[in-house]
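Visitor: Could you build all of it, start to finish, from the sequences and the hints given here?
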Amino acid sequence: MGDEIKTVRDATCTFCGCVCDDMVLTVDVQNKRITKAENACILGKAWFREHAIEERPFALIGGREATTEEGVEEAAQILARARFPIIYGLSDTTCEAQRVAVAIGDMIGGTVDTTTSVCHGPTGIAFQAGGESTASLGEIKNRADLVIFWGGNPAEAHPRLFTRYAVTPKGMHIPNGKKDRTIVLVDVRRTPSTPVADIFIQVKPRSDFEVLWALRALVKGRKVDPSVEQRTGVSLAVLEDLVARMKSCRYGAFLFGMGLTMNRGRHFNSGALLALATDLNEFTHFVAKPVRGHGNVTGADNVVSWQTGFPFGVNFSRGYPRFNPGEFTTVDTLTRGDADAAMIIASDPASNFPKAAIEHLKRIPVITLDPKATHTTQLARVAFTTATYGINVPGTVYRMDDVPITLRPAFDSPYPSDEEVLTAIRDRVRELLGGNRLPVGTRPAPAVATS
Amino acid sequence: MAQTMTLIGGRSSKQGTSLCAGKLGAEYIDLTSTVEMNVEDMARLGLHKDSRVRLRTPVGEAIVRCKGRETKDLPPGILFMAYGPLSSELMGGDTAASGMPISKNLDVEVEAVPDEGAS
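Sequence lines, in order, name chains A and B.
Per numbering that gives the first Met the number 0, the very first residue in the first sequence carries number 0; after that it's consecutive.
Per numbering that gives the first Met the number 0, the very first residue in the second sequence carries number 0; after that it's consecutive.
In short, the hints are calculated from the structure, not lab data.
Just so we're clear, the structure is a prediction, and the values are computed from it rather than from any experiment.
Ideal Cβ placement from N, Cα and C applies to all residues, glycine included.
If a hint is listed, it holds; no wrong ones were tucked in.
Straight line, CA to CA, 35 Å or less: simulated DSBU-like cross-link-like pairs of lysine-lysine:
(1) B/Lys48 x A/Lys354
(2) B/Lys71 x A/Lys169
(3) A/Lys219 x A/Lys203
(4) A/Lys354 x B/Lys71
(5) A/Lys222 x A/Lys178
(6) B/Lys13 x A/Lys177
(7) B/Lys71 x A/Lys44
(8) A/Lys5 x B/Lys13
(9) B/Lys71 x A/Lys222
(10) A/Lys354 x B/Lys66
(11) A/Lys361 x B/Lys66
(12) A/Lys203 x B/Lys71
(13) A/Lys177 x A/Lys219
(14) A/Lys219 x B/Lys71
(15) B/Lys66 x A/Lys44
(16) A/Lys203 x A/Lys169
(17) A/Lys177 x A/Lys246
(18) A/Lys44 x B/Lys13
(19) B/Lys13 x A/Lys203
(20) A/Lys35 x B/Lys13
(21) B/Lys71 x A/Lys246
(22) A/Lys178 x A/Lys246
Part of the chain A face toward chain B, derived, beta carbon under 7 Å:
(23) Ile41
(24) Leu42
(25) Ala45
(26) Trp46
(27) Glu49
(28) Gly120
(29) Arg188
(30) Arg189
(31) Met261
(32) Asn351
(33) Pro353
(34) Lys354
(35) Ala356
(36) Thr373
Guide: What follows is the structure, encoded as structure tokens:
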């Protein structure tokens with residue numbers, strides 16, 4: 000350890016959507032590494048420990064080491080030439096970088112999509128159909144006496160959701176913490192989250208929608224046939240008990256995960272749960288929040304929404320934003336072979352997309368911005384090494400409940416931020432195109448003669 | 000003989016900590032190359048800890064190592080695997096006009112693969 004040690008208080012962990020902002024970091028300034036992260040969970044400790052400065056090229060072009068400036072030139076040429084370019088990722092970078100990425104998408108007449116489309120994208124679709132009964136995590140901590148986790152495993156994916164917000168903490172109206180709450184967990188299998196629950200309801204795979212719809216019927220006083228148990232694995236008695244608890248609690252909260260969205264039914268599952276929360280507001284106060292994975296995926300939704308009017312899967316090829324999941328979402332544009340270039344920011348689709356989409360990524364020029372080597376950087380034509388947000392880069396991120404939080408970096412990086420690289424690419428693309436690309440089939444407006 | 004089971008893709012905390020170290024590292028690759036299976040299913044298929052199995056869907060296949068879970072933790076017929084390059088091999092690209100491919104509750108055919116070097 001070096002001689003110069005500093006402490007960064009109230010630092011923010013950006014590993015997951017909890018975005019815990021009470022970190023106390025001990026920083027070895029000389030060696031540029033974090034040696035201790037107080038208050039961090041197991042995931043946060045690994046996040047801070049493993050993001051020291053690695054010796055990597057500033058950029059790789061076709062596998063050859065290059066400067067950032069050379070990478071910017073190559074990336075700008077690719078984007079300016081492409082006819083159906085896609086910009087994807089964005090959930091592990093700052094809102095400031097996300098904003099520049101959207102500007103590039105607009106300029107090149109491309110498609111901007113975020114990891115939301117393979118996360119809670121279906122929930123975003125459901126929001127548009129039925130709305131959201133929302134709350135901050137602070138409200139849930141201070142008020143919720145019934146918390147229902149559905150289709151998620153926070154103990155492994157969001158460990159401090161339990162200890163900081165929704166299970167054990169004492170709140171203004173929950174003075175005894177967990178003793179004042181009933182915790183229900185609904186899932187298709189037992190996980191490390193299950194022991195936290197007072198009630199565990201194990202549903203058969205592909206049955207979430209049916210269970211939610213039966214609960215809606217019971218909440219409205221309709222009869223449900225006991226055969227629901229054969230279909231869903233959950234007895235009518237268990238459903239009736241849950242309905243009684245939901246209707247009689249003072250403040251109920253659903254916190255739901257990708258067990259609903261990545262499953263058969265997708266946005267119908269999310270929509271059924273959101274509708275159930277709405278129904279319950281006839282009887283008590285009930286909210287429903289999606290539990291978000293990446294550190295600033297919620298920021299990506301917010302930034303893309305305030306810039307384009309839509310949360311993800313936005314296409315600019317006609318010169319104005321259009322939203323159409325299934326057409327402009329990245330798995331689809333890759334699987335169909337539509338995209339002829341891709342810029343991927345802080346994401347690794349080559350390690351988790353469907354095989355057909357990955358195969359197409361291998362066929363087109365790909366630009367990546369990432370602090371680490373990944374499966375996607377390995378197939379990239381241009382791979383930038385960038386600084387890590389939150390650890391090296393300041394800026395703004397959004398917690399999963401849409402609360403913006405300011406980052407307090409621990410030490411500088413020799414590598415540029417995503418925002419800096421994207422800004423340089425944007426400026427060079429603007430030079431190459433002479434402004435925004437005109438949509439195909441349109442011509443510049445003729446000059447009007449004045450008499 | 001292959002049996003059809005239901006594969007749930009997901010995340011684990013070990014996967015989360017190992018991806019911070021790097022997705023190209025040995026630990027991450029090992030974690031994403033392992034499928035969890037009910038111990039009774041494993042016994043019926045003649046599998047042991049770290050036995051190799053082939054998972055197959057209509058779009059692709061992957062050979063992974065298996066790890067047993069008790070029935071109270073993982074029901075018979077259900078598999079769990081952390082997302083990674085091998086789970087991608089099994090996923091179809093159809094999103095039903097939603098943008099979301101199905102990665103949970105996939106029907107997969109499961110069959111034992113003789114260990115390399117076995118006669």
